[in-house]
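Novice: Sequence:
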Amino acid sequence: MSFDKSTKIYVAGHTGLVGSAIHRKLLQYGYKEIITQPHGKLDLTSYKEVEKFIYSEKPNVVFLAAAKVGGIGPNNDYPADFLMNNLAIQYNVITASQKANVNRLFFMGSSCIYPKNCPQPIKEEYLLTSELEKTNQSYAIAKIAGAEMCRAFNHQFNTRYLAVMPTNLYGPNDSYNLETSHVLPALIRKIHEAKIKNMKSVEIWGTGTPKREFLHSDDLASALLHLMELDDKKFIELTNNESMPLINIGTGQDISILDLAYLLKDIINFDGDFIFDDTKPDGTFRKQLDVEKIKAYGWSSDINFKDGIKQTYDDFLNHFYSKD
Numbered sequence: 001m002s003f004d005k006s007t008k009i010y011v012a013g014h015t016g017l018v019g020s021a022i023h024r025k026l027l028q029y030g031y032k033e034i035i036t037q038p039h040g041k042l043d044l045t046s047y048k049e050v051e052k053f054i055y056s057e058k059p060n061v062v063f064l065a066a067a068k069v070g071g072i073g074p075n076n077d078y079p080a081d082f083l084m085n086n087l088a089i090q091y092n093v094i095t096a097s098q099k100a101n102v103n104r105l106f107f108m109g110s111s112c113i114y115p116k117n118c119p120q121p122i123k124e125e126y127l128l129t130s131e132l133e134k135t136n137q138s139y140a141i142a143k144i145a146g147a148e149m150c151r152a153f154n155h156q157f158n159t160r161y162l163a164v165m166p167t168n169l170y171g172p173n174d175s176y177n178l179e180t181s182h183v184l185p186a187l188i189r190k191i192h193e194a195k196i197k198n199m200k201s202v203e204i205w206g207t208g209t210p211k212r213e214f215l216h217s218d219d220l221a222s223a224l225l226h227l228m229e230l231d232d233k234k235f236i237e238l239t240n241n242e243s244m245p246l247i248n249i250g251t252g253q254d255i256s257i258l259d260l261a262y263l264l265k266d267i268i269n270f271d272g273d274f275i276f277d278d279t280k281p282d283g284t285f286r287k288q289l290d291v292e293k294i295k296a297y298g299w300s301s302d303i304n305f306k307d308g309i310k311q312t313y314d315d316f317l318n319h320f321y322s323k324d
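Mapping the sequence shown onto this note's numbering, position 159 (from 1) lands on 159, and the numbers just tick up by one.
A couple of the hints might just be wrong.
[As the list claims (entries may be wrong)] Pairwise CB distance ranges (calculated):
(1) LYS58 - LYS195: 49 to 57 angstroms
(2) TYR297 - ASP4: 16 to 24 angstroms
(3) LYS41 - LYS280: 32 to 40 angstroms
(4) LEU27 - GLU131: 35 to 43 angstroms
(5) LYS41 - ILE275: 43 to 51 angstroms
(6) THR207 - ASP232: 45 to 53 angstroms
(7) ASP259 - GLY40: 15 to 23 angstroms
(8) LYS233 - LYS280: 44 to 52 angstroms
(9) TYR321 - TYR47: 36 to 44 angstroms
(10) ASP259 - TYR321: 20 to 28 angstroms
(11) ASN60 - LEU317: 32 to 40 angstroms
(12) LYS48 - ASP302: 35 to 43 angstroms
[Stated by the list, open to error] Only pairs whose alpha carbons sit at most 25 angstroms apart, straight line, appear in this in silico BS3-like list of lysine-lysine:
(13) LYS68 - LYS134
(14) LYS99 - LYS48
(15) LYS5 - LYS233
(16) LYS200 - LYS265
(17) LYS293 - LYS233
(18) LYS295 - LYS280
(19) LYS134 - LYS211
(20) LYS310 - LYS265
(21) LYS295 - LYS234
(22) LYS99 - LYS211
(23) LYS265 - LYS211
(24) LYS134 - LYS123
(25) LYS32 - LYS58
(26) LYS52 - LYS41
(27) LYS234 - LYS5
(28) LYS134 - LYS280
(29) LYS295 - LYS233
(30) LYS99 - LYS233
(31) LYS280 - LYS200
(32) LYS293 - LYS310
(33) LYS58 - LYS8
These aren't lab readings, by the way, just hints derived from the structure by calculation.
Quick caveat: nothing in here was measured; it's all calculated off a predicted structure.
Don't be surprised by glycine CBs; every beta carbon is placed ideally from N, CA and C.
Model the full structure from these sequences, guided by the hints.
Specialist: Right, dumping it as structure tokens:
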């Protein structure tokens, strides 16, 4: 397909971390027909509502950025919720998109789909080669099912649906709820509040030794639009893989939780110490993505990690903490 600025593009989950970044980037690129719908007006777990909406709007491109997400604690405590909600959203949006002849669909997965003890860095073909990390197994299985839906639909219906596997994300509109958030936003909030309250220390789950790779949500959005605008030959090449139409998106660099904490300490100007609670789970020890595939298609990460965190901390101060 050819793209012009009037191409109709539906962003499912446009208020979240990923969806809002995609929406901003589309506006920045000059796209004028961006379709959104808040959760209060469209229940993505209802197939009847989703089908009616997509048939009515007739988008050319769909970004499926809506999902039930959370950190290691919620994933471990509420596995059925993460499994069933994500399976429902994926089934509804992907199925309705195929029936409505959507040209290109991008399904947002997660690096947690890969086995717990993968060789590093993790290549796309390592999917399903060994067991998953138990603490987020249900979420991972839901995301694997979404990727398999893309493969199966491409095979059976000749669709062009791509499963995108980003590394750990951060940026504007992240969740800072300490009960449900991921490690980086949780640390930002905990360290900031410790600073405000003049606390002497901050407790962090685990040993601090696991490493994580982080990607700014604006970088992810840049990668997605780069992929969206690929010519037909290249996009068909990406989605015509019988094994899995899968592509990693990341920086190719990681950092230990310990070093991340001290980087945040410096940015936030916190004077206290850290106490690592090794009775709490570490999760997967390391999951750095191999990003050679997306580099071969002409994209690489652009946002410096420290600069990205400074921007995210400013967003936290301006849009989250100011509400308290």
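Novice: Take the hints in turn and mark each one as holding or not.
Specialist: The hints, checked one at a time:
1. LYS58 - LYS195: 49 to 57 angstroms: 50 angstroms, holds
2. TYR297 - ASP4: 16 to 24 angstroms: 21 angstroms, holds
3. LYS41 - LYS280: 32 to 40 angstroms: 39 angstroms, holds
4. LEU27 - GLU131: 35 to 43 angstroms: Distance hint for LEU27, GLU131 holds at roughly 42 angstroms.
5. LYS41 - ILE275: 43 to 51 angstroms: 45 angstroms, holds
6. THR207 - ASP232: 45 to 53 angstroms: For ASP232 against THR207, whose Cβ atoms are near 48 angstroms apart, the range 45 to 53 angstroms holds.
7. ASP259 - GLY40: 15 to 23 angstroms: 40 angstroms, violated
8. LYS233 - LYS280: 44 to 52 angstroms: 49 angstroms, holds
9. TYR321 - TYR47: 36 to 44 angstroms: 39 angstroms, holds
10. ASP259 - TYR321: 20 to 28 angstroms: 24 angstroms, holds
11. ASN60 - LEU317: 32 to 40 angstroms: 38 angstroms, holds
12. LYS48 - ASP302: 35 to 43 angstroms: Check passed, 41 angstroms falls within 35 to 43 angstroms.
13. LYS68 - LYS134: 18 angstroms, holds
14. LYS99 - LYS48: OK: LYS99 and LYS48 at ~13 angstroms, within 25 angstroms.
15. LYS5 - LYS233: 21 angstroms, holds
16. LYS200 - LYS265: 12 angstroms, holds
17. LYS293 - LYS233: With a Cα-Cα distance of about 16 angstroms, the restraint between LYS293 and LYS233 holds, given a limit of 25 angstroms.
18. LYS295 - LYS280: Violated - the C-alpha atoms of LYS280 and LYS295 are around 36 angstroms apart, more than 25 angstroms.
19. LYS134 - LYS211: Roughly 17 angstroms separates the two Cα atoms, so the pair holds.
20. LYS310 - LYS265: Status holds; Cα separation ~12 angstroms.
21. LYS295 - LYS234: 13 angstroms, holds
22. LYS99 - LYS211: Roughly 42 angstroms separates the two Cα atoms, so the pair is violated.
23. LYS265 - LYS211: It holds: about 17 angstroms lies between the C-alpha atoms, which stays within 25 angstroms.
24. LYS134 - LYS123: 21 angstroms, holds
25. LYS32 - LYS58: 15 angstroms, holds
26. LYS52 - LYS41: 12 angstroms, holds
27. LYS234 - LYS5: 20 angstroms, holds
28. LYS134 - LYS280: 14 angstroms, holds
29. LYS295 - LYS233: Holds: LYS295 and LYS233 sit about 17 angstroms apart, inside 25 angstroms.
30. LYS99 - LYS233: Roughly 23 angstroms between the alpha carbons, so the hint for LYS99 and LYS233 holds.
31. LYS280 - LYS200: Since the Cα atoms of LYS280 and LYS200 sit roughly 21 angstroms apart, the hinted pair holds (cutoff 25 angstroms).
32. LYS293 - LYS310: 29 angstroms, violated
33. LYS58 - LYS8: Holds, at roughly 8 angstroms.
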